[in-house]
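With chain E held as given, fit chain B onto it using these hints.
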Amino acid sequence: MKPYIKSFFYIPLYITAIVFFSSCTTVKEYQKNKLNDAEMSLSSRKIEKTELSFQSYREGASGANGGKTGGGCGCN
Amino acid sequence: MKKLFLSVIGMYFTMLAALSQGNPKADSVYKPRKLTFEEANLVSSYYRQDGNNSAVTGGIGSEKLTDLSNSIDIKLYRYDKQDRKHSFIGALGFDHYTSASSDKIDPHTISSASHSDTRFYPSLSWTMENAKKGSTIGAGLSLSTEFDYQSFGVNVNFAKKTKDKSGEFSAKLQAYLDQVSLIYPIELRTGNNNGEDDDYATTPRNTFNLDLSWSQIINQRLQVMLDGEVVYQHGYLGLPFHRVYFADNTVHVENLPSERLKIPMSIRANYFISDKFILRTWYRYYHDDWNINSNTLQLETVVKLSPFFSVTPFYRFYQQTAANYFAPFREHTAADTYYTSNYDLSKFNSSFFGAGFRIAPPDGVFKIQHWNSLELRYGHYTKNIGMNSDIISLNVKFK
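Protein chains in written order, with the numbering used here: chain E, 1 to 76; chain B, 1001 to 1399.
Chain B on its own, in the form it takes in the complex:
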């Protein structure tokens, strides 16, 4: 009996020692005071779409488009004297797209200046995390520039964990101050600007966004997040080269209200079913004052074929009602104050499905120590109004 008692005491101290090794005190973790590399991500995507409801040609015509997108972000961090972690993220993105519909802004040209374009979008962000208080604050700046559109963004954010660190509240305030170049369809241009120079007038479009979220650990396998946003847009919310053909066959430029209030709400729940399977779910309800109501449901199952290799099939269903101001080709009349034939604002359902593959070996991808993971994802998107698209993306992470 004495031996058994001593064995139990021995096992207890062995477990205690093992646990204390696995959970080193916060002070013993190396915390660099100098700026240190944390991770870098390279994301590349190729997107192509086709359909027959282009807004540039009044709701009829090719929607063929390709987009090659590349972005890189680098995250650096350091600790200050109060043990607060400062993270700095610099990101840079390039999109190069070709668009058959944009080429129809001036159909008399063989290929107009707008048939292809490059978007360039750098951003900078900073966060400061206080692990003792469980709080994080941050701020960021972003810029996006392309031939006919400039955007400047600024954001601030705050997050606070509960005492037991099972819940976290976060708030983010964003503002985008944009300028739209007024490039009208060639037949609707007046004055001297007949498309022979690039000196187009611009008009503002501003977006203000408050995002509030609550994430909660339910148990050792389940965590959820509730997210609600209020988005207010003001300014020129249509696009000047979107044609609308009225029933009397006259052609007009899309005209939409100068304000829009959007309210999306979502819930995300991730469940660790077993060492082999993880279920990721996401649902969103959306309403705006143009009377678009929408529901989105996404399901993903992560299948871990090994501890370092996983396959993730996914399915996303989307449904929306039409905006008050939408009507197809030649259905608007002069009695309409606002009008558009942009099918992105029409009533439709869409499905998006595909799979992702992720490899993250402990000794690095292809034994390259700092190459943390490689991820590839393909998806096929289809609307029930005849538009289809495909996207393939690659994410390479260095750590």
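Next up, chain E with everything else stripped away, as it sits in the complex:
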């Protein structure tokens, strides 16, 4: 594995460590107005459905984004 690939591999670990070792505060329901904004959703938007589909066909990698990992050909 090339060194730059290895360094990329550790990026999610670094981010995870930063996130989980920083202090998470308890947010009460009435304090969640910003988190409940439609644009703050932690999932792909419905409008991205076809984008995720063509990317899974045109690229070797897929998954971990709510897109498809099987089912349907993508033959072309």
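By construction, these hints were calculated from the structure, which means they are not laboratory data.
Each residue gets a CB set at the ideal place from its N, CA and C atoms; glycine is no exception.
Mixed in with the good hints, there may be bad ones.
As the list claims (entries may be wrong) - Here are some, though not all, of the chain B residues that point toward chain E, as calculated from beta-carbon distances under 8 Å:
1) 1041
2) 1066
3) 1215
4) 1216
5) 1228
6) 1260
7) 1264
8) 1268
9) 1286
10) 1296
11) 1320
12) 1324
13) 1356
Quick look at chain B alone, frame taken from chain E:
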């Protein structure tokens, strides 16, 4: 001093009353026992691509393709006697595509049966959410059918929130049981099937997928999600009409291993910068046992021009290494056990950029009360190996 004290007490009770109005008790919220409409989404997309590395013609030739995709989903819900929310989603999709490369399966025809096709894909899903316990369970079925490919999918899922509802663990198990029709390039067909009838033999391709995720509220402005998947595929993983030209100029059908293990891991973080700006980020690392390693980074900034209208420019960078079995036109030899000239499995980088527009006025789009939102999104995709594509999508939501 007494007046000041009474004023403070008065203000406190006023605020308390306001807050209690804003947060009605769970029992006072209307919970229908009968099946009730929640929302419907219509998503339409037009996609077109071009390039010169078609796998059908052995890694050379036109990749020109268009795809018109339409899908609709309807969500209904009801509460049972234990106050659990049951949601039912029915979805239906149609894709109609035209493909210049598929037309080369039989280059002697002016236009073969495969130059265009329609894919039809219905699905049904159910979830049951228990707000008291903070848990959700669900299941779903899906079907996808087109001329040369049939897929049947089934999934079950489970989610559980932490006691303070700041974190949620979820797990999803999926299986796709597919059948690939063996439509070989015309010059490689043997026996009686010379393309004059549609009675092709089929072979299975199965995919099993376990998806585990953890979402966490960090503070009032930041939330993140970690997602890891294990995907195992078994069966015929190539496509029978992908040609491979060897160095000795003989032509063969793509041959790939019958198993593939994929491991994607991602992190998503959304940050509410201000009432005007929201930053959405996503990173994925991917590895599979065909030796493809990949990194993907996507950044989006939601710019709220008003509380009901937003513009979202986005950029996505993707990079992958080549699969062990890839080689360009006329570079494979008879010594290779597995071989493909499909450039989707080659080494490349890609960029995808564009913008989305979303309008969601409180009194409905064009004052139509149930028309909740209208969203339009355009993106341009380019690979550094000469392939380009454009996609425009529309999402209409009724609530």
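Status of each hint after checking the structure:
Against a cut-off of 8 Å between C-beta atoms, the interface hint on residue 1041 (chain B) holds, since the closest Cβ of chain E lies about 5 Å away. Interface hint status for residue 1066 (chain B): violated, as the beta-carbon distance to the closest one in chain E is roughly 10 Å, over 8 Å. Because the smallest distance between the Cβ of residue 1215 (chain B) and any Cβ of chain E comes to about 5 Å, under 8 Å, the interface hint for this residue holds. A least Cβ separation of about 6 Å between residue 1216 (chain B) and chain E falls short of the 8 Å threshold, and the interface hint therefore holds.
For residue 1228 (chain B), the shortest C-beta to C-beta distance to chain E is roughly 7 Å, which falls under 8 Å, so the interface hint holds. The interface hint given for residue 1260 (chain B) is broken, as the beta carbon of that residue sits about 10 Å from the closest beta carbon of chain E, more than 8 Å. Using the Cβ-Cβ criterion of 8 Å, the hint placing residue 1264 (chain B) at the interface with chain E is satisfied: the shortest such distance is roughly 4 Å. With 8 Å as the threshold, the beta carbon of residue 1268 (chain B) comes within range of chain E, its nearest partner Cβ sitting at about 6 Å, so the hint holds.
Hint status for residue 1286 (chain B): holds, given a least beta-carbon distance of 4 Å to chain E, under 8 Å. Restraint check, residue 1296 (chain B) versus chain E: the minimum CB separation of about 7 Å is within 8 Å; hint holds. A hinted interface residue such as residue 1320 (chain B) counts as satisfied when its beta carbon comes closer than 8 Å to some beta carbon of chain E; here the least separation is about 5 Å, so the hint holds. Using the Cβ-Cβ criterion of 8 Å, the hint placing residue 1324 (chain B) at the interface with chain E is not satisfied: the shortest such distance is roughly 11 Å.
Interface restraint check for residue 1356 (chain B): the shortest CB-CB distance to chain E comes to about 7 Å, inside 8 Å, so the restraint holds.
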